[in-house]
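Peer 1: For the protein sequence lines, the chains are A and B, in the order given.
In terms of the numbering used here, the first sequence opens at residue 66 and continues consecutively.
In terms of the numbering used here, the second sequence opens at residue 35 and continues consecutively.
No lab work stands behind these hints, which were simulated from the structure alone.
Cβ coordinates follow ideal geometry from the N, Cα and C atoms, glycine included.
One or more hints might be untrue.
As the list claims (entries may be wrong) - Examples of chain B residues lying across from chain A (beta carbon under 8 Å, computed):
no. : residue
1   : 92
2   : 160
3   : 172
Spelled out from the first residue to the last, the chains are:
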Amino acid sequence: MTVGATVWAVIGTGWVVWLVLTGLVRRLPGIDSVVHAFLGSWLGRLLALAAWAEAGWHLFGQRP
Amino acid sequence: MRGPGRQPLDRRVWPLPRLAARPVPRLVAALVAVLAAAAFVAWEAVQARLSTSSHAGILSAIGVLLVLALACGHGRQRERSRTWSLGVARALRSVFAAGRVRTAAVGGALVWVLLIAATAGWDATSFSEQRHDLPTLSRLFGDVTDHDWGRALLFAAWLALGAYLATGWRRRSRDPAADVDHANGRTGPRPGGSPGEDGRR
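Construct all of the structure, not just a fragment, from the sequences and the given hints.
Peer 2: Next comes the structure, spelled out in structure tokens:
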């Protein structure tokens, strides 16, 4: 396993564990809270849309 | 110049404004939007990743959703950007000033920030290095997006997420109960009238 693949595995595991944990523990902010926090204002919404646009361009329009 | 016996145009009787003002049924509008999006996804799915048409499609989607965000959001944001920024800054300051995480909510938010930063940072690092042993997210997803069905599914999910980011979680017009002042933890109309009526949000 390469270094890059290992780091991605760790990051991916972190996402899965945290998503499950925030789903189980109601006191912790879930992914919906994070998204809604960004969408609360124009600045946050534009930041979220910029990240979304960059992710789309990266995933669908650039060399893999 | 009107004569003395001439009546002014009664817009309540004149049919054209009434026809123009009649709202398109939401179900029909939603159906048209879904069909158009499905056709667009089907078209984008068969485009080569590095082709001009593929890039044009992605940029078009981004442009359309940005315009949609502006059109739908006029006067309907829940907070002003300045209030929002101050709230974020205040939360960060409280965390660093305290030297430790005092509440589960703040700690949880920090974990989200770390996860997002780690993902974006490592992807940017891998992209800038351009090494085979440092795959980017696009290469990881490349096995899926190399297939038409995989590209279609992921592109549809990306479009749906963008549509939500552009149009979702809005404050209802003329609904003071939905006006939440997160900075002060209050819900309800703000003093001095409903915010957003001045169109500055």
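Peer 1: Let me make sure I understand: some of the numbered hints might not hold for this structure. Which ones are they, in numerical order?
Peer 2: As far as the earlier hints go, not one is violated by this structure.
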